[in-house]
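> Listed below, chain by chain, are the residues.
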Amino acid sequence: MGGADVLSREPIGTTQAARDADADSAGQDEAIRVTDLHKSFGTLEVLKGVSLTAQKGDVVAIIGGSGSGKSTFLRCINFLETPSAGQIIVNGEEIRMRQDGSPVDRRQIERIRTRLGMVFQAFNLWTHRTLLENVIEVPVYVLKVPRDEAIKLARRLLERVGLGDKADTFPAFLSGGQQQRAAIARALAVEPSVMLFDEPTSALDPELVGEVLTVIRDLAAEGRTMLLVTHEMKFAREVATHVVYLFEGRIEEQGPPEQLFGSPQSARLQQFLQTVG
Amino acid sequence: MEFFFETLGLAESAKLLSLSPPGWGGNLLRGLANSMQIAFGAFGFGLLIGLFGAYGKLYGGVVLRDLLAVYTTVIRAVPELVLILILYYVGTDLINKISEVMGYGRVEISGVVAGIWVLGVVQGAYATEVLRGAIQAVSPGQIEAARAYGMPPFMLMRRVTIPAMMSFATPGLANLWLIATKDTALLAIVGFSELTLETRQAAASTRAYFTFFLAAGALYLIVTLCSGAVFARIEKWARRGQPSLKRAGR
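These protein sequence lines are chains A and B, in that order.
Quick note on the numbering used here: the first sequence kicks off at 80 and runs consecutively.
Quick note on the numbering used here: the second sequence kicks off at 431 and runs consecutively.
Chain A with its partners taken away, still in its complex shape (with noise of 0.2 Å):
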């Protein structure tokens, strides 16, 4: 349950096999690990090479300025957008590229998303479904769970995040909250091993933003492994175990949230909070 740590603490001069069986103790607590993540879209280089290890447990909070790749980075994990380079390792199971990054078996990244759980800026729920359907959906038609066990399931999910009267109504007569919130519910009906949130509280109106966070910070204190993306420092700082901030495609500091936001070492982050406050 130790910080996300990018530097490797491998001792020196042990043996092959040492390390190996090293590595594979290692793999068994590690949820994510990123090496050396390029992504560039046409010339321009939005990722210059990031790496980043989340145990499980770990709450790391991506922070940074608009066009620093953060979202990029998060999409990367899941293969929403295409890494040019690099290794990603999800439980302990590599996903395979070819030179250019793009995946060599699309089943792979099929089944490696389904324990994914992603929530996006913008909700997407599937508007032509009720909240119940949206939940159900994954479960039942990808994971090919029961119905009526998936039901339940969605259930009690939709309790959990407030909505238990909201099960048979479509997204657009929702608030964004009440929206987000479903879309939190959707992603846990999947049952992830890791959390990936972009930007979840952006889009919503100010005073809606802390009834999503609530959701968010009950599901830190449960011990899910996630991995956020956001602009809210107070909260990174509240519920993160590990921060990192990127700035123009790389890692310029990162740490645990004291030090961070506490006694930020890089003068870019320096300016960076005290612009967003």
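In case anyone wonders, no lab produced these hints; they're calculated from the structure.
Not one of these hints is a red herring.
Subject to a maximum C-alpha distance of 20 Å in a straight line, what follows is the list of computed SDA-like cross-link-like pairs (lysine to any residue):
no. : chain 1 : residue 1 : chain 2 : residue 2
1   : A       : Lys223    : B       : Pro582
2   : A       : Lys223    : B       : Arg588
3   : B       : Lys666    : A       : Thr248
4   : B       : Lys666    : A       : Glu212
5   : A       : Lys223    : A       : Glu270
6   : A       : Lys223    : B       : Pro583
7   : A       : Lys223    : B       : Arg589
8   : A       : Lys313    : A       : Gly289
9   : A       : Lys223    : B       : Leu586
10  : A       : Lys313    : A       : Gln350
11  : A       : Lys245    : B       : Gln672
12  : A       : Lys223    : B       : Phe584
13  : B       : Lys666    : A       : Phe252
Starting from the known structure of chain A, fit chain B onto it as the hints suggest.
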């Protein structure tokens, strides 16, 4: 009943339109059934072409996209009557040539199959554009969400893209269906006995042009009205989950 027609001066028309000979009503209804059969087939075939066409235009490679562009442009540029003549005679000729080469001799081509094929190819070009537009109107986020949860492409199309685009596609598809029902009349030119040809024959044999063409018009109108009711229901279903525009406009 007889008395009723007698007083209205319609006794002659009623006799002409009666369902059993010497009345021609049965022929008209048979023609209508043929027309509907072709319209259904052509609309369905056109939808199938349209779905593949739309996906090909949106996601296909350069060659496929170019081929589809040629298809939709040419079909939509040439008058339908001309297309029907070309596709019908070229199609039947080609099949006969192939069949002769393979040693089967000339084959009889069913009018219904030929009609469905010809009109289906025409419908497919328009359906391609209707469906392409509808798919593009679906918010990318919904498709992205499905991808993010590991939906394979075909399931994504079936469970997310098609249901989400239906509300955008329905009005255009309703138009296409109504055009299909009326385009069947063009098949009269290749001698297919659909409603219009049956009507013309009945009218020519009895000299009661007005009666028969009015009756045919009424039949086409009934088809249109029924279709309208069906599409209204489909549209209501397709728009589920969307707030009504009327309320938003106020």
